[in-house]
Amino acid sequence: MDILLSLGQGFLVALEPMNLFWCFVGVFLGTAVGVMPGLGPAATIAMLLPLTFQMPPTSALIMLAGIYYGAKYGGSTTAILLNVPGESASVVTCLDGYQMARKGRAGAALGIAAISSFVAGTVGVIGLMLLAPPLAKMALSFSSPEYFALMVLGLAMVVLLAGESMVKALLAMLVGLWIAGMGIDLFSDTSRFTFGLSELLDGVDFVIVAIGVFALGEVLGNMERRGEGTLLPVPKGLRNLLPTMAELKACRFAFLNGSVIGFLIGVLPGAGSTIASFISYGIEKAVSKHPEKFGTGVPEGVAAPEGANNSETGGALVPLLTLGIPGSGTTAILLAAFVLWGLRPGPLMIQDNPQLFWGLVASMYVGNVMLLVLNLPLIPLFAQILKLREFVLYPVIFGISVVGVYAVSNSLFDCGLLAAFGLLGYLMQRLKFPSAPLILGLVLGDAMERALRQSLMMSQGDLSILVSRPIAAGMLIVAAVLLLMPLFRRLNSWRVKAIEENG
Amino acid sequence: MSAASGQGLLAKGDLWAGAALAALGGFVVNEARQWEYMTAEGPGPGFFPLWYGIAMVVLSLLLIVSTLRRPRLAAGHAKTDWAGIGRALLCWAAFALSVLLLKWLGLLLSLALLTLFIAKVMYGKPLMISLATAAGNAGGFYLVFHLALGVELPVGLLGF
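Protein chains in written order, with our numbering: chain A, 1 to 503; chain B, 1001 to 1160.
Only chain A is shown next, with the shape it has when bound in the complex (with noise of 0.2 Å):
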């Protein structure tokens, strides 16, 4: 009953004029940048985030989640028409999708996404409602030596899953925590890591990072990779859009996969929406009665993925929400936006911002209804944005990076660090190291050490105080496992392989 009464006060947060303008500038700009393939929500929320300061921070959340949201709607119109997947999470709408499309039934194909994303984010945001009040309501028996330990399972989770290598993920991590130290001590006056520069005393601002990573990292990764997809023709007309009643009939079991399985895989941090729609596609093609008929163009093959893509939203905002940790890039850049105006996400924040927790979770379902509304009808035009010329795009998006990280200092000391992280952002790729830890560990780096430190100021200086308390002790053993897990597995392979040569 309470939910349901917060929730009518968020409707009126979230309703109000402004938000709903807002609302819609969100989900519209993330539609668009969802749809260009190589710009994801991640590096478009860096860059706007420095351009929101002016605003109501319920606005701008407003907004900056509408983008969240928006791009994995628009994701999969590249992968429908293009068979390149707008962001990482539609690779696998790329194996129906593009074939529906072939076979004539884009419109069919984009209109299966469009509708599953609308069930799914649903879906995703009810979880989100009543999961994380009573998340929030455990989590403030929480002191310093939980939180260090649930940081450090966050990380841990997150570095498991980033990439090949878990190495260069945990190498990623603590370059993130490097940065995140640079400047005054958080407990004395000591300056670290400045080089004697007094514009690095107040440490390097996350955006700078996230803009010179995410945003430049990419334009940079695209330039190499200069190659051009065939687009299929767009089918005219709402009617076109919609589905057959047999196709929706199919994808029953899919919209609640993929609802399920996203929600469930959103909370875990680090797993992300490609591999909930990888998981909920792998169960779809399991427990269909055509199984071999997956990757030839079956609408099941779309709204699994596609809702599991969506769904994820909700689940990953919630240990953002409610325990300040964010689980992805694009939350983390979202928890600096959350701490640039003067809010800390956790236990407390539903508690002490009703109005903010409540309008967001009430704006999603708003947006989620404005996308379908939106989004059927304006496919054709968004698949426009496609014909952009990179040439004229990615200009656009170095003077936007520049404008963003000026808007914060007014120091072209920080413009000129910017290169520098972009220039990082595009090794990083090409070397193949994930950059999802790095912003984490950047974000995560202040609290992390405070809450060490503060945990081993209460039991001067006594480690044990992180394994004496059973949650915190709970969190670090199964973050030691989640690190070891790949050891293990390698061991063993050793000792097949001695086996087997010995046998």
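Keep in mind that the hints are not guaranteed to be accurate.
Distance windows between CB atoms, simulated [stated by the list, open to error]:
(1) B/L1015 to A/H290: 43 to 51 Å
(2) A/V339 to B/G1139: 32 to 40 Å
(3) A/P486 to B/A1019: 43 to 51 Å
Think about it this way: if two alpha-carbon atoms lie no more than 27 Å apart in a straight line, the pair counts; the simulated DSSO-like pairs of lysine-lysine are [said to hold, decoys possible]:
(4) B/K1125 to A/K387
(5) B/K1120 to B/K1103
(6) A/K432 to B/K1103
(7) B/K1103 to A/K387
So these bits of chain A aren't anywhere near chain B, every CB distance computed over 10 Å [stated by the list, open to error]:
(8) F142
(9) P347
(10) A480
Hints listed in this document are in silico derivations from the structure and should not be mistaken for laboratory results. Backbone N, C-alpha and C fix where the C-beta goes; we use that ideal spot for every residue, glycine too.
Starting from the known structure of chain A, arrange chain B on it as the hints suggest.
Structure of chain B alone, referenced to chain A:
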């Protein structure tokens, strides 16, 4: 160039990255040792960096060792796209130069020059189209960010 060389490039890159990160880790440890490790109240400013610095050195060495132990692939088909890498780095250099020029030229002129370079040199567009894109981009930024949003843009010696 073969897949082996493509993988070779990644392996070489991993070795260089490992070496650079080991050096960074060493630097972090060295710096951290100059700060207090433990104070009367609890851990000092050197406590946390010392440990992640050590972790950085260990993991970097692990990356180097695992790269050296990795079996080399037999010759295959994929090639290292040196031209692509060159394009990306050239574009970055142009961007870095435009950032350096911000102090003297301001954002609008720097951005116009960068756009001109990307359109004309990197994408081989005709001069008139490149010039029009550059002017349109700079004008658009002035209209949207300066006039409409009131965002302060870096200004140069000419006052814009």
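- Regarding A/V339 and B/G1139, is the given constraint of 32 to 40 Å on their beta-carbon distance met? 35 Å, holds
- Query: Is the hinted pair B/K1103 and A/K387 satisfied, with a Cα-Cα distance of at most 27 Å?
  - Reply: Distance ~35 Å between B/K1103 and A/K387 Cα, so the pair is violated.
- Message: Checking a non-interface call: every C-beta of chain B should be farther than 10 Å from the C-beta of A/A480. Is that right?
- Response: 14 Å, holds
- Message: The output says A/P347 does not contact chain B. Does that hold with a beta carbon cutoff of 10 Å?
- Response: Answer for A/P347: holds, closest chain B Cβ roughly 24 Å.
- Message: Run the distance test for A/K432 versus B/K1103: straight-line Cα separation, threshold 27 Å.
- Response: 35 Å, violated
- Item | Verdict on A/F142 as a residue remote from chain B, using beta-carbon distances over 10 Å | Non-interface label stands for A/F142: nearest chain B Cβ at 19 Å, farther than 10 Å.
- Assessment of proposed distance window 43 to 51 Å (beta carbons of B/L1015, A/H290): With a Cβ separation near 49 Å, B/L1015 and A/H290 satisfy 43 to 51 Å, so the hint holds.
- Query: Holds or violated: 43 to 51 Å for the Cβ distance of A/P486 and B/A1019?
  - Reply: Violated: the Cβ-Cβ distance is about 23 Å, outside 43 to 51 Å.
- Item | Agreement of B/K1125 and A/K387 with the hint, judged by alpha carbon distance not exceeding 27 Å | Roughly 16 Å between the alpha carbons, so the hint for B/K1125 and A/K387 holds.
- Message: Check whether the Cα positions of B/K1120 and B/K1103 lie no farther apart than 27 Å.
- Response: The hint holds at about 24 Å.
Figure legend: structure checked against the earlier numbered hints; hints not met, in rising order: 3, 6, 7.
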